[in-house]
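S.K.: Make one complex out of these two single chains by using the hints.
Each chain, letter by letter, is given below.
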Amino acid sequence: MTLAQLAVGASATIRAYPQAGPAFTRLREMGLLPGTKVTLVRTAPLGDPIEIQVRGYRLSLRKSEAALVEIAE
Amino acid sequence: MSTAATPRTAPVYALVGNPNCGKSTLFNALTGLKQKVGNYPGVTVERKVGTAYTQHGQPLTLIDLPGAYSLAARSPDEAVTRDVLLGRRADTPMPDRIVCIADATNLERNLYLVHQILDLGRPVVLVLNMMDLAAQAGLQIRAARLEHELGIPVIPCEAANNKGLIELKLALSRHDLPLPRHAWDVPAALAPAVSELQASLIAADAKAPLVARAEALLLLTDPDPLRVTGSTPLSANTTRILESWKTRWTADATDWSGTLVSARYDAIGKLVAQIVVQPEGAEDGHAARASRSTLELSDKIDAVATHPVWGWVIFAAIMATMFFSIFTLAGIPMGWIEALMAAVSGLVDHVIPQGAFHSLVIDGAIAGVEGVIIFLPQILILFLFIGFLESTGYMARAAFIMDRVMSKVGLNGKSFIPLLSSYACAIPGVMAARTIEEPKDRLVTILVAPFMSCSARLPVYLLLIAALVSANEVPVGTQVGLMLLMYALGTGGAFFFAWLFKKTLLRGAPPLMIMELPPYRLPRFRDVLIQMWERGFIFVKRAGTVILALSIVLWFLANYPKPPEGAAAAPNQPIVEAVSPGPDAPRAEPAAAPSAVTAEDPLAYSLAGRAGRLLEPLIAPLGFDWRIGIGLIQSFAAREVFNSSMSVIFSVQESDDEAATRAQLRDAIRAAERPDGSKLFTPLVCLNLMIFYVFAMQCISTLAVVKRETGGWKWALFQLVYMTGTAWLVCFVVYQAGRALGF
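As they're listed, the protein sequences go chains A and B.
Mind the numbering: the first sequence is residues 1 to 73 in the working numbering, read in order.
Mind the numbering: the second sequence is residues 74 to 816 in the working numbering, read in order.
Each hint should be verified, as a subset may be incorrect.
Lysine to any residue pairs mimicking SDA-like chemistry, simulated, CA-CA at most 20 Å apart [to be verified]:
no.	chain 1	residue 1	chain 2	residue 2
1	B	K107	B	W606
2	B	K343	A	A4
3	A	K63	B	R477
Facing chain B, from chain A, some residues (calculated, C-beta under 7 Å) [said to hold, decoys possible]:
no.	residue
4	A16
5	P18
6	A23
7	R28
8	E29
9	G31
10	L46
11	R55
12	R58
If you anchor each label on the Cβ, the simulated ranges turn out as follows [to be verified]:
no.	chain 1	residue 1	chain 2	residue 2	range
13	B	A561	A	A7	37 to 43 Å
14	A	A7	B	A208	51 to 57 Å
15	B	K576	A	A7	30 to 36 Å
Calculated directly from the structure, the hints in this document are not laboratory data.
Backbone N, C-alpha and C define an ideal beta-carbon position, used for all residues, glycine too.
If we strip away everything but chain B, and leave its shape as in the complex, we get (with noise of 0.2 Å):
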């Protein structure tokens, strides 16, 4: 937490409010760039502290709470919201104050979570924002009635436009915030269940009074409460109260939830009826009865975004937009990330002697780095779009238009994007899934996204593709059928899986696509870049961490043992040995020379060359021998680096004409034989190895992200089990199957 950079006395606030009412807008022009963004405990949801100042230059420390519609929470996020109110979670203590952020222009509905925060008796602090956008509309907002009807602070604003931020710091930095005069009436039938919940939350859970009032009516409102890690549970004497009571109600059949929640809205539609003045000519009293001039240019907008035709186009051009940025555009600066990191090998290269520390700077340490830092240009893309697509209100809409295709696998049409991003790459894929709030849809959403091919893979199915045909050049067709077909098996791969998942581990109640469509606003540039900045330093600072580790374990695993001295071919005898079926198995012509070069290697004679010998048998069934698997091993640090693990084992000579090197390596890998003289990379062993790269996780960075964003190695684990044994199961049914029809 930020606090510690502050005084202790430091009053903390809360901000909290629905969705899309620019909450985040306003905890950016608040506190600038003074934000720590982390994680809750044990739970995917993030946690955002400020330090805001007063007019007077005194610190406050604000809290951004997750936007929610309700305490009643139906995601992490409402339940993190709800849970820090409540003062049920140990590692974030009950906020001094709130802020409730409402957007003016849709008062009625957001009125909904302050009413239930009023209950709190906690001194309150109400932002209406977009006061000008309720202005456009007509609505006539009397805030210093609404004030007066609650009794606490009012602040008119428009956070987008820096209007009403000096009112709402000196209301904040007031000492004698009053607490809010809030009574309405508890429906009569609920009402001896709330007091005897109250007295129990007040007895057994140590609640205050009137939050545990606020408690008990949460408690009423809803029957199927989400609880996430962290949150304290309800004794058992409140749980034994709350079932006898909800008992009692199934019998007689009150809907006491319903009742509730309709007596909230009748107070509120009572408080609204007095505070907003409808525009001329709104034909029936009902409040808040349309934001008109907003609602009036999104629904022209939409008629066009949301049509059954032009909807598509539209779609289709701003995803194909997203995709090749992220595709290619990012190109541009990780070319300068890896020129920049050349250039900084180049440099320690002369600083550092030759030796086992000199490879560990430049082969470990530096290689790691860049490991890390070339994924931000694709993540840093992704999420400026995201941004875009969200503060615009398109993403909602994006939603709405793929929710059917999604639906049809269980998901909902949130799930798109990041699946979408993967084809680029799966970090920024994985890290895009926080868009989706029901926590069993982004987790599968994340473990089926690797699934889509990504640019990583694209050098190794070339370079297959290359060997697989005989030719010099690859015919255009070929070439893309090949790949097409490569990327399809993938699509299928993750639909299937997703599918299976919804349907047995991951099944959870029926899919909740309730969403609000906001109107269509203005992107808040500043509020997109900070969004954009957090996503690349959480990146770098929780997964970097661990690629770098795993980084230099690769190395190590490349480097080590060293093979002795002067004794080249001796590891060559045994590894011969283990590989060929007899001691003298016949070989057609003395141009079985490629494996015995390759075994005086560091690299076979190291921990990860004996891997692969290792793992032999388990790839021979897939048509694979030790060489491969030496290859496969290697691509862990990230997939493209199976080519140049064949380089050093084929004993290519790098130049600096790529297409020559390029060429060398398919000329070298064609060559490539078995002990028995026959060819290694047959067509159908190429095909098959290609099959293996679309499905198997092969891929730390990918397992880094996932592990953080699903908040241990349990799922990353099981990810990495579950893609490599589809790819050993399809990869051993395809070898066994073309073996048998005589490819």
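Just chain A, with the same shape it has in the complex (with noise of 0.2 Å):
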């Protein structure tokens, strides 16, 4: 199961994305780490981007970001 696929108000925890790319390094930096436990709080009104709560403080990025970002209920 991936992070866009999360349902708005249900959390979950990070288990995995790439490697590589600029967008990982940056999210990981944000905190998103194996293991953070992550709540998606709201989609923008078109859908996408998606917020999440993450260790405390709001983050918003795109599906297909989200989509290649593994979770585990």
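M.R.: This is the structure in structure tokens:
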């Protein structure tokens, strides 16, 4: 399952995502690491991007990136 | 730099922190208005330096480095912060000391950057800002414990309420600032690489040992480092070592970057567990679980502000307010500026005797100065709005809402406000593109922004619509319809070219839309006003000089050479010959007079007039003649100058009654004829001219700002060529097709 498929209000734990690519380096540095708990807060009015809660703050990212983030509920 | 004003011994502090941590507020609180804003050479990143005074009146130099989440830079702003801290920029010596600012309500992520900076082994003062909000959220933060753990001064602070500033200033004036006691476990798999890189950075790149270690750790965090102009490249030796390690790790599938980031967060997690006491009832042990109260309030606002229906209503209302403020509210101070400049002209008129110098001062210099400051109201109003939107946190929501739409053409949500502002005036719009971090997205936004029909095009559209319709009163439906068509054409052009540029010329990494949505906060008026003032000042200082110089050049072109005295009719002959197909082209009636009259005009005789004639072969396929050509050239001062240029060419007597003057001008251009007696401004030509004004880049002020915002003439000239080329092409097709269809 990926972060893009998470339902609004649901929480999950990050499992893995691609090592390469500037987006994923940044996501890691923003605190999304394997084992980190995330909650999907809402999606934008047009369905993309999404807003998640991670480590006590709010972050938005596009579904195209979220679809590469593997999660476990 | 402002250091010239302070003694050489004044220590230089760098101010570093995440975006939204209150760094600007703190910088403003410490330095007041003693700030200098400039640019880092070669990059469009703002360089802010200020002077603060200690409790004993000793001056301190503060460099406000751009906000960054990490030293692994993802934007030019972050790259400058990284390069200054690592001593990679020749234009900015490594700061003596560093002030790190962390948002106490979001400590865990804020400490990530702090942790990287502590690696540097420089004297650091850590400011925990927004302690009041942390307390409201029920978080208890043991600053003394953190101070003990890190071995550096830790100052709890509320920059917005001026609390903690005295303690901070006392810490800053300490001569014996301790070095951080900062040990953390680098993963064993990477330790040999760190040592090897550190050794090479010391030997081949002349770095101090601890800075070299910090840089080695950074090189191993960031697989895709962003280089910017002014950044000293790595030595060949270090690069070779780095590449050989990367090759080895790729072969055995070691996630080196991820391992290092995880190890750092582990170390931060242990630290946070000791210093942050969670509110009662926090269900799990995760540090910094939530700054609950602010998030709860933000959530309530966002439930409406990003709602599928209400979100759009609020967004539209805010954008409409902003747009009409720029469009109409700015008109009031613009009227004052015009009146003021008219008064100055009147005064000069009495003092300086008639003649060339009189004209240079009034029509060249004063008109040029007016041409600069006339933009200030729009710029200030736009940046007032942007300042409020940013300091409340709504800006991030606007980008969140619009991202999907803008992503269709390869941009992200942050491009929306610059493009919207450009409907009022491209100059504030181009300046607003600074809020876009991604350099290619910023450039594409700047390149397409002037397609949006700005307010200077309106008078031209209105004149041409009036000339196009045969009735004396333009039917409202026709006027609105044609205006909407022009706005739609410009908008379509902007989106088409944004899409095209992102597909071709400026294709980059996949768009990065990883954006923090900070909690809503009350706006900081002082910070907003300071930012607004800076924008206006930068515009006047940097773009204003170019605009003034070009205005004077345009004045010269329109006034020289002067027609010979008493030989008014003389220049007429060659002009008509050049224009007419034969010496005795049939003339239906003697009313072909307008062209004869204009040729005696000094404007027609001037370089601008001659350029109009030179231009004629180029614009004839669009249905334009040399007289329109003069108008096009003069439009470079400002597009609405086309109208006054037509007034001069067709000898319209200006009177105090504006409506009457407008009607006269309309009648004059309706009556204008080509040498063969056919009408010059046929409906097709009028329409085509409007289309030309939609697409062509005809504004030296915009070009001057684009030059300033992109760091050189290259992109400004590219914009001039591609936009005007597009205008020509579209007008060529429309005119030739229209002719073929019998219009």
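S.K.: For a quick check of understanding: which of the numbered hints are violated here, in increasing order?
M.R.: 2, 4, 5 and 14
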